[in-house]
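Generate coordinates for the entire structure from the input sequences, incorporating the hints supplied.
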Amino acid sequence: MAAMTDLFTRVPLARRQQILTLLVAVAAIAFPLIHDNDADVDSAANAAAYATLALGLNIVVGFAGLLDLGYAAFFAIGAYAYGILTSFQVMPHWGPFWQPFAWLELVQRVPNPGGDLVHFTVSFWIMLPVSALIAAGFGVLFGAPTLRLRGDYLAIVTLGFGEIVPIVVRNVDSVTNGAAGLNGVQAPRLLGHSFGIAAWPYYYVAIALVALLMFVSVRLRDSRIGRAWMAIREDETAAAAMGVDRTRTKLLAFAIGAAFAGATGTFYVAKLQTATPEMFGFPVSVMILVMVVFGGMGSVWGVVLGAVFLQLLQSWFLEDISGWIHDLGNLIHQPWMLRIDLTESIELIFGLILVFMMLYRRDGLIPATRKQSALSFEQQHAEVRRGGFTALAGLGEFAREGHTGLEVKGVTVRYGGLVALNAVDLTVPAGGVVAVIGPNGSGKSTLFNVITGLTENDGGVIRFDGKDLLGLPPHQILREGVARTFQNIRLFTNLSVLDNVLIGQHARLKTGPIAAVFRPPGTRREEVAARVWATEILGLFGNRLLPRATQTVGHLSYANRRRVEIARALASRPKILLLDEPTAGMNPAETMELAEQIKSLHALGLTILLIEHKLDVVTRLADKVVVLDHGEKIAEGTPDEVRKNEAVLEAYLGRGTLAKGTVDA
Amino acid sequence: MPELLRFQDVNTHYGDLHVLKDVNYTIGQGEIVSLLGGNACGKSTTMKTIMGVVRPTTGSVIFDGVAIETMSTAERVKRGIAPVLEARRLFPRMTVYENLEMGAYTRKRGPDFNQDLERVYSLFPRVKERLNQVSGTLSGGEQQMVAIGRALMARPRLICMDEPSMGLSPLFVEQVFEIIQEINRQGMTIFMVEQNANMALSIAHRAYVLQTGKVVLSGSAAELRRDPSIREAYLGELQVT
Amino acid sequence: MTFSDLLLQQTINGLSLGAMYALLALGFTLVYGILELINFAHFNVFMVGSFIGMWTLQLMGINGQAVVMTGLPLIGVMLVALFVTMLLSGGLGVVIERLSLRPLRNVKGPAAMITTIGVSYILFNIILLTVGADSKNYPNPLPPIQWALGDAVLRLREVLIWVISVLLMLGLHVFVQRSKMGKAMRATAQDPEAARMMGVEVDRVIIIAFFLGSALAGAGGLIFGLYYNFTSFIIGFTAGLRAFTAAVLGGIGNVPGAMLGGVIIGLVESMGGQFIATEWTDVIIFSILVLVLVFRPSGLMGRVAPNKS
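Chains as they are written, first to last, in numbering that gives the first Met the number 0: chain A, 0 to 664; chain E, 0 to 240; chain Y, 0 to 308.
Hints listed in this document are in silico derivations from the structure and should not be mistaken for laboratory results.
Just so you know, nobody snuck in bad clues.
Here are the computed lysine to aspartate or glutamate pairs in the DMTMM-like style, where the Cα-Cα straight-line distance is at most 20 Å:
(1) E/Lys127 x E/Glu181
(2) E/Lys77 x E/Asp115
(3) E/Lys213 x A/Glu589
(4) A/Lys509 x A/Asp221
(5) E/Lys77 x Y/Glu192
(6) E/Lys77 x E/Glu2
(7) E/Lys127 x E/Glu117
(8) E/Lys77 x Y/Glu200
(9) Y/Lys179 x E/Asp111
(10) A/Lys466 x A/Glu479
(11) A/Lys408 x A/Glu631
(12) A/Lys623 x A/Asp639
(13) E/Lys20 x E/Asp8
(14) A/Lys643 x A/Asp615
(15) A/Lys623 x A/Glu640
(16) A/Lys509 x A/Glu526
(17) Y/Lys107 x A/Asp151
(18) Y/Lys107 x A/Asp362
(19) Y/Lys107 x E/Asp15
(20) Y/Lys107 x Y/Asp202
(21) Y/Lys179 x Y/Glu192
(22) E/Lys77 x E/Glu97
(23) Y/Lys107 x A/Glu235
(24) E/Lys20 x E/Glu68
(25) Y/Lys107 x Y/Glu35
(26) Y/Lys107 x A/Asp234
(27) Y/Lys179 x E/Glu97
(28) A/Lys509 x A/Asp244
(29) Y/Lys179 x E/Asp115
(30) E/Lys107 x Y/Glu200
(31) Y/Lys179 x E/Glu74
(32) Y/Lys179 x Y/Glu200
(33) E/Lys77 x E/Asp111
(34) A/Lys408 x A/Glu635
(35) E/Lys20 x A/Glu589
(36) A/Lys466 x A/Glu455
(37) A/Lys408 x A/Asp464
(38) E/Lys77 x Y/Asp202
Shown next as structure tokens:
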């Protein structure tokens with residue numbers, strides 16, 4: 000457990016962050032008290048509103064990596080939801096139906112000569128969460144058909160939705176008052192007092208909203224949900240293979256991002272007491288994107304800073320700077336300088352920011368991840384334990400629960416005209432180790448892909464533990480206890496070793512978005528257990544991975560990446576482990592070390608299906624060898640039998656005399 | 000035999016990954032030299048380093064007496080290095096003829112272009128039959144013929160082949176290897192990455208064995224076939240006795 | 000006007016719009032085919048192209064619709080305007096690629112797309128800040144010749160637009176199919192690494208794709224001005240989105256597909272405006288975009304969109 004405590008005792012940094020947070024909070028609360036200027040407080044309140052928008056977009060773009068160019072649509076939805084339900088725009092006829100709502104003070108009866116009318120008076124405090132829910136609903140509605148699309152298509156479709164929403168708002172003027180905009184929207188009331196037009200109450204609501212959404216963002220980021228988002232951002236296919244439901248996870252990001260915007264929309268309209276379609280067009284979506292990019296995609300503090308800075312730049316600084324330029328122009332007699340008005344060129348500045356940030360500082364002002372230095376010699380050798388398998392008893396139990404093994408029958412896969420697999424049969428008995436060998440391009444990896452649901456098949460049956468796998472999406476196949484590694488290593492490169500292994504457990508953990516935010520005791524226990532389990536798994540590889548648990552995977556050596564990938568698969572508590580060339584790129588010593596470790600896993604009760612070129616590894620591990628060539632099974636048997644098989648010799652070593660010449664030599 | 004290509008202490012990195020480690024190769028004019036090794040040992044990186052897709056971090060690649068490691072791929076092709084890529088990599092929606100044209104991309108179109116076409120047709124009569132077919136619809140074997148033909152259209156002095164046997168039926172593998180020998184007899188130098196070790200050693204003059212980015216064995220093909228240590232290093236993984 | 004005349008009139012209008020969208024769509028498709036990048040800068044290259052065309056015509060002494068030309072002088076003026084517009088717009092595309100996109104060639108993720116949004120914004124605001132927000136009366140030397148087809152009217156400018164567009168598209172098609180550079184372009188789109196190994200200088204191919212795409216967008220911008228008699232800093236956004244929809248509809252990366260998509264979107268716009276309602280045009284077009292992307296991402300004529308995985 001020494002390593003466990005090691006992971007948790009990185010206190011100094013956390014302490015420093017706490018102090019900084021406290022200072023910022025105090026400054027934010029004190030600002031209107033110290034600086035008694037209504038216009039400036041109003042600007043600060045707007046800046047805070049944009050910070051909440053940036054936080055929402057950051058969940059979509061920064062965490063989940065989905066480029067949303069129509070984010071302002073959700074802002075508009077939240078704004079109009081509140082606007083319509085608190086203004087005189089929509090006034091149905093009064094009837095008994097409305098009476099209960101009147102008692103709840105959601106509506107008022109307005110006397111009218113032609114029959115009494117209903118005036119909606121839903122409280123701001125109710126609408127704040129309700130608008131968030133409505134916007135989230137639209138997020139799901141827009142997202143469901145489009146989230147399957149490639150990233151760049153998604154961008155253009157969201158741009159489309161971002162355009163459609165203001166157009167619809169403009170066109171259905173009976174509900175929205177069209178281009179003229181909603182008027183007479185109620186100001187919020189608290190304890191019987193209306194907020195009115197003073198800036199400071201709005202300011203405090205806004206910074207409370209920022210604080211709340213920052214808290215939610217951080218909690219989500221550091222949870223099972225946040226890890227799943229980042230996994231999808233890094234490598235969608237690998238995420239699916241590790242048990243992440245892509246569509247659901249993306250929809251969740253979309254919905255939560257939309258909810259943030261919906262709540263902000265309500266706040267914004269309550270503050271302005273008006274709403275027009277022009278307030279929510281493409282330029283607003285881009286402005287929020289600029290804030291996120293500027294502050295740092297994925298960085299909670301970064302996007303808040305980005306939003307506040309850019310918003311205050313517009314409302315405070317640009318005018319001042321323009322003034323200074325004019326003064327300078329007067330001073331040095333350059334009349335052209337007097338014509339410069341930077342406030343008009345804010346969008347030009349946005350454009351420049353986007354380009355310069357992408358070219359020179361893609362991580363933004365406050366990068367989401369810090370660069371880590373390589374381990375020192377001491378750190379590398381601090382942990383001397385090698386292969387602590389006894390601690391993995393949990394894995395063994397899970398694996399021994401008893402299953403009937405994997406059965407592949409007549410599976411065929413075609414790519415265009417090419418037959419990658421032709422009616423392949425294969426069984427892996429529970430607790431067995433089966434190796435698949437064959438020349439490159441013989442269909443081995445295709446076999447893995449079809450078993451794990453990454454490739455569609457053209458006929459055949461795949462059953463695991465009596466359950467049909469064909470047609471199941473990859474994340475459900477993992478749930479059934481089938482985990483894999485990839486020949487070309489598909490790790491989440493920008494995440495730490497620990498996070499990679501934690502994502503492996505995704506399917507075995509339960510934390511949903513709500514639990515992630517509130518962290519009830521059960522969730523805390525689950526998270527701690529997940530980390531303990533991850534550490535145990537890393538411990539499998541002795542001092543290879545444990546000291547590097549917090550390092551970014553992209554900085555590891557080839558052999559260590561292979562190990563992390565196996566650890567990630569093991570973390571999902573599989574019943575069967577599919578290893579695609581686990582020793583490729585390893586030297587003989589590393590190869591033997593890994594072979595021993597795989598053997599130990601097997602001894603714990605894990606069933607293993609292995610693609611391997613190195614025949615000595617195969618001989619050492621496998622009970623049975625299946626030989627593929629041109630997508631067909633050409634031989635099957637014990638390692639000894641297979642080595643003596645003529646067809647295998649030909650496939651692998653070349654035909655006839657050529658092969659014999661070497662064999663005899 | 001005059002030297003045509005030489006790697007001198009070449010190191011190659013992908014980001015933090017050190018792929019080729021102080022690698023030295025020498026390939027003489029008119030030779031077939033084979034590069035053997037398991038997956039992910041640096042074979043394809045070697046090919047990419049020769050073609051200039053990857054630049055060595057240190058060390059030198061010398062072709063025909065000139066250091067080429069900083070030259071663009073196009074410059075190298077002009078100097079006479081042509082590739083036969085792994086898995087053929089034809090342009091799938093272009094016709095066979097257009098693929099052959101692409102092979103001659105760096106050359107001026109002159110009468111020798113037609114001579115070279117004729118030469119390809121004589122080596123691969125099947126290619127001539129399929130000239131106007133879109134290459135994505137060819138069989139694997141036919142694609143390999145076009146890929147080799149495409150390399151020949153560059154009028155190279157060195158052809159680098161990356162796993163020419165991959166995914167081909169055994170019968171066709173033999174044909175391909177015969178054609179490689181035939182081209183070699185006509186004077187072409189060939190550097191070939193191949194996992195089909197016995198086949199490769201049966202036609203190569205010399206070979207290098209690569210393991211985790213290092214050359215662990217080298218020598219004449221005949222020597223290597225007899226060398227017991229090759230079993231440990233490479234064939235050992237395929238040991239059959 | 001009878002229904003059939005109305006239909007004929009809207010077909011004429013739709014084909015003119017479609018020709019413009021097709022020219023613009025080709026730029027998206029050329030760049031996407033090679034880089035798999037949605038180039039948002041293209042929206043405003045079109046807009047800038049429209050201004051370049053305006054300035055070129057003004058430099059030749061044509062202001063507003065006052066100067067009317069016929070015969071050879073008209074053809075000459077048109078050719079010069081078209082040539083200069085295309086050359087400068089193409090040059091703008093090259094500068095954009097060289098300065099802002101080439102450094103990001105090997106960067107994964109949305110960085111390049113975000114950059115093009117930034118560039119688009121920069122172009123938009125440079126024009127806004129220097130030229131102003133009001134729409135400009137576009138110089139147009141075309142004589143007001145028109146032919147009555149029943150109640151429908153076919154104007155000389157429409158015929159001219161069709162001729163220019165068809166010639167440009169034919170030229171592009173021949174270039175892509177026949178020329179050495181065109182073949183290199185297709186090869187690069189299909190397999191950039193293999194193309195590079197054949198000795199193709201991929202950077203040059205990309206530059207040329209940007210040049211051609213931007214030049215065609217410039218031609219589209221000139222056509223916009225001649226068709227509507229005005230131009231403004233805001234024209235890029237709507238036209239760009241419609242043209243992008245056209246490219247997707249035809250099958251992005253597919254040159255004939257972009258032409259077909261352009262014509263369909265042009266007809267949808269004119270017919271939709273006539274028979275449904277103008278204010279819903281954009282909603283209809285975006286719905287087409289979403290439906291195509293969801294149900295037939297390869298478009299009407301396209302190959303299956305390559306999977307970035």
